[in-house]
Amino acid sequence: MSTLAVMRVELRRLGVRPFAWTLAALSVAWLAWNFLIAVAGFLKVQTRLAALPEGPGFTDIVAVPLLAQLAQLAILLAPLLTMSMLAGERRAGTLPLLRAAGLSPRAIVLGKYFAALAWMLLLLIAVAAMPASLAGTTTLDWGKLAAALLGMALALGALTALGLACSAYASHPALAAGAALALTLALWAASLGGSAARMAGPLAGYLALPGHLETLMRGLVASDDVLYFLLLIALALALAVRRVAADRERG
Amino acid sequence: MPDSAALLELAAVSRRLAGRNVVAGLSLTLAPGEILGLLGVNGAGKSTTQAMIAGALAPSAGTVRVQGRDLAAAPDVARRAIGWLPERAPLWPELTVREHLDACGHLRGLRGPALAAARARVLERLDLGALSPRLAGVLSLGQRQRLGLACALLHAPPLLVLDEPANGLDPLQADALRTLLREQAAAGTAIVLSTHVLTEVTAVCSRVAILHEGRLRHDAPLAAAGDGLRVTLAAPVELTRITALAPVARAESENARHVRVTLREGADAATLARALVGAGLPLAGLEPAAPPLERIFFAIATRRTEAAA
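From first to last, the protein sequence lines stand for chains Y and D.
According to numbering that gives the first Met the number 0, the first sequence holds residues 0 to 250 in order.
According to numbering that gives the first Met the number 0, the second sequence holds residues 0 to 308 in order.
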């Protein structure tokens, strides 16, 4: 109940904030432009692809790459969306108001997380609607698209949770955004570093986010990939809850 | 042992911040309908004390009980029973006044018609109706204070914790605030009012607590800070001659020529002087029996700590 109350307030704040709308509008515009380019490219090679046995279809050439572009954009979007959620509240002095309303640190963090996630998922739906709008005129691989959407939802969830955790620990929203961006890029590039060092290769390979996302984007839903994202989300949120709880103790 | 009659009870509450005791061993109680004026110089620990009472800050030691329940063990009590206006009324600048009240209502568990009724009540009572569609971020300081106060009052809590509520209010609004506080107290709301303005305390508070360097140095009914008169007589007289006078409720002899007098309600120094002279008593002087609040405050605030000395 408390989580819902915080989520409701946070969604209302996001809904009236020009910054959130600008981010969403620019992202959708950019992805729509890329979608049109991809569709044009697909139309050019469509007849040749049809002749290939097991050749890539509309889903492989247009839908999944479009979602992959959203994942890359989310590296920037998630930190920008979440940066002021806790760091900004702390600076403005409104975080103690939430604590004084009897809300637990868990309710505060989860409420804000679900609000940010809802915003990101709305973006995902808007992007997914682009290829889905052509379902009547082309053949979509619904299974593969569903797996890619699941992967994207999990990736967005993880990036949002990381952003929120950084916002919980940072004293200023800009620092939170910078930290979240650095952390996300580190996770994105972990496998590259691991390969170069050849020392922590397997661990770095497991920690790298793209490896788990690519499997899902190819249409393969493996439990260890899903578990990776869920663990990342749980760890980031647990750290954020811990930090918000410490605020009441530390002052 | 919790005081069953007390709405708020602080038992040996301490708070350490950055290696120093901001509040140390603070104990006090507050009954329904009481208005406690919390005084102290900057850094005395008033805001920290209020944040602990509001549940926003955990005490390092001791307990804060509201309605007999420990805030640390039952944080839901804070949601229901406490309305807090921190210093400078922190607000969400992107929300309108109306949205703000709705957000505060949701966080306090108000929904639907109950929220609508509460919102209408505080908008009307704090004269915020015309500001309802305006963004909180563009409000003046006084308007922000009124909105912060409206948020604190929205769920009709039995305990109000107000940190400098008159900050930024014009004289008319400050007077309206005093009326509002008296109304709330008359309806049974207990109020902890922190302020630097001593006249505000004498105007509305029933009790005064003075904090200095984190410690409670004075906690007494306001009357004790300025009530009563000290009569100096030119010659010794029987105490019964003074107690027999109409304006006198009680008289105590300090010595042969000095008597401490408590007046009946409605009586003042002039009526006492007239009664003394009219009764043929050798009146030589008349002065306040106890030092006024301002003198008590300055005496405490300028006192150096033993450690500093």
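Mixed in with the good hints there might be a few duds.
With the Cβ distance kept under 10 Å, some of the chain Y side facing chain D (calculated, not the full set) [unchecked claim]:
#1 1
#2 3
#3 4
#4 7
#5 16
#6 55
#7 92
#8 93
#9 97
#10 100
#11 103
#12 143
#13 241
#14 242
#15 246
Per label pair, the in silico range of CB-to-CB distance [stated by the list, open to error]:
#16 Y:177 to D:141: 47 to 57 Å
#17 D:120 to Y:93: 22 to 32 Å
#18 Y:75 to D:126: 43 to 53 Å
#19 Y:170 to D:140: 39 to 49 Å
#20 Y:177 to D:137: 47 to 57 Å
#21 Y:142 to D:137: 43 to 53 Å
#22 D:112 to Y:21: 48 to 58 Å
#23 Y:93 to D:15: 36 to 46 Å
#24 Y:184 to D:15: 20 to 30 Å
#25 D:112 to Y:75: 39 to 49 Å
#26 D:116 to Y:28: 37 to 47 Å
Derived coverage of chain D by chain Y (criterion: at least 3 residues anywhere in the stretch with Cβ under 8 Å from a Cβ of chain Y; other residues may be distant) [what the hints assert, rightly or not]:
#27 49 to 59
#28 69 to 76
#29 83 to 94
#30 104 to 117
No lab work stands behind these hints, which were simulated from the structure alone.
Quick reminder that beta carbons are idealized off the backbone N, C-alpha and C, glycines included.
Cross-check of the supplied hints:
About 8 Å separates the beta-carbon of residue 1 of chain Y from the nearest beta-carbon of chain D, less than 10 Å, and the hint is met. The beta carbon of residue 3 of chain Y comes within 9 Å of a beta carbon in chain D, closer than 10 Å, and the hint placing it at the interface holds. Because the beta carbon of residue 4 of chain Y sits about 5 Å from the nearest beta carbon in chain D, less than 10 Å, this interface hint is met. With a cut of 10 Å, the hint placing residue 7 of chain Y at the interface with chain D holds, because the nearest CB-to-CB distance is about 6 Å.
Because the closest C-beta pair between residue 16 of chain Y and chain D is about 5 Å apart, less than 10 Å, the hint holds. Violation of the interface hint for residue 55 of chain Y is found here, the shortest Cβ-Cβ separation to chain D being roughly 45 Å, above the 10 Å cut-off. Taken as an interface hint, residue 92 of chain Y checks out: its beta carbon lies about 3 Å from the nearest beta carbon of chain D, inside 10 Å. For residue 93 of chain Y, the shortest C-beta to C-beta distance to chain D is roughly 5 Å, which falls under 10 Å, so the interface hint holds.
Interface hint status for residue 97 of chain Y: upheld, as the beta-carbon distance to the closest one in chain D is roughly 7 Å, under 10 Å. Because the smallest distance between the Cβ of residue 100 of chain Y and any Cβ of chain D comes to about 4 Å, under 10 Å, the interface hint for this residue holds. Evaluation of the residue 103 of chain Y hint against chain D yields a held restraint, the C-beta minimum of about 7 Å falling below 10 Å. The beta carbon of residue 143 of chain Y is not positioned within 10 Å of any beta carbon in chain D (closest approach about 40 Å), and the interface hint is therefore violated.
Taking 10 Å as the C-beta contact cut-off toward chain D, the hint placing residue 241 of chain Y at the interface is violated, the least distance being around 15 Å. Given the 10 Å rule on beta carbons, the hint for residue 242 of chain Y is violated: about 15 Å separates it from the nearest Cβ of chain D. Annotation: residue 246 of chain Y was flagged as interfacial toward chain D, and the flag holds, the nearest CB pair being 9 Å apart, inside 10 Å. A beta carbon spacing of about 37 Å between residue 177 of chain Y and residue 141 of chain D contradicts the range 47 to 57 Å that was offered as a hint.
A hinted range of 22 to 32 Å for the beta carbons of residue 120 of chain D and residue 93 of chain Y is consistent with their spacing of about 23 Å. Take residue 75 of chain Y and residue 126 of chain D: their Cβ atoms lie about 45 Å apart, and the range 43 to 53 Å holds. Taken as a hint, the range 39 to 49 Å is violated for the pair residue 170 of chain Y and residue 140 of chain D, whose Cβ atoms sit roughly 25 Å apart. For the pair residue 177 of chain Y and residue 137 of chain D, the beta carbons lie near 30 Å from each other, so the given range of 47 to 57 Å is not met.
In this structure, residue 142 of chain Y and residue 137 of chain D meet the distance hint of 43 to 53 Å, their C-beta atoms being roughly 52 Å apart. Taken as a hint, the range 48 to 58 Å is violated for the pair residue 112 of chain D and residue 21 of chain Y, whose Cβ atoms sit roughly 36 Å apart. A hinted range of 36 to 46 Å is violated for the C-beta pair residue 93 of chain Y and residue 15 of chain D, which are about 25 Å apart. Checked against the given bound of 20 to 30 Å, the beta carbons of residue 184 of chain Y and residue 15 of chain D, roughly 39 Å apart, lie outside it.
Look at residue 112 of chain D against residue 75 of chain Y: about 43 Å separates their beta carbons, and that is inside 39 to 49 Å. A hinted range of 37 to 47 Å holds for the C-beta pair residue 116 of chain D and residue 28 of chain Y, which are about 44 Å apart. By the rule of at least three residues with a Cβ nearer than 8 Å to a Cβ of chain Y, the coverage given for the stretch 49 to 59 of chain D holds, with 6 such residues. Closer than 8 Å: that is the beta-carbon criterion, and the stretch 69 to 76 of chain D has 3 residues meeting it against chain Y, so the requirement of 3 holds.
Restraint check on the stretch 83 to 94 of chain D versus chain Y: 9 residues with Cβ-Cβ distances below 8 Å, three needed, restraint holds. Residues of the stretch 104 to 117 of chain D with a Cβ under 8 Å from some Cβ of chain Y number 4, which satisfies the need for three, so the listed coverage holds.
In summary, the structure is inconsistent with hints 6, 12, 13, 14, 16, 19, 20, 22, 23 and 24 from the numbered list given earlier, while agreeing with the others.
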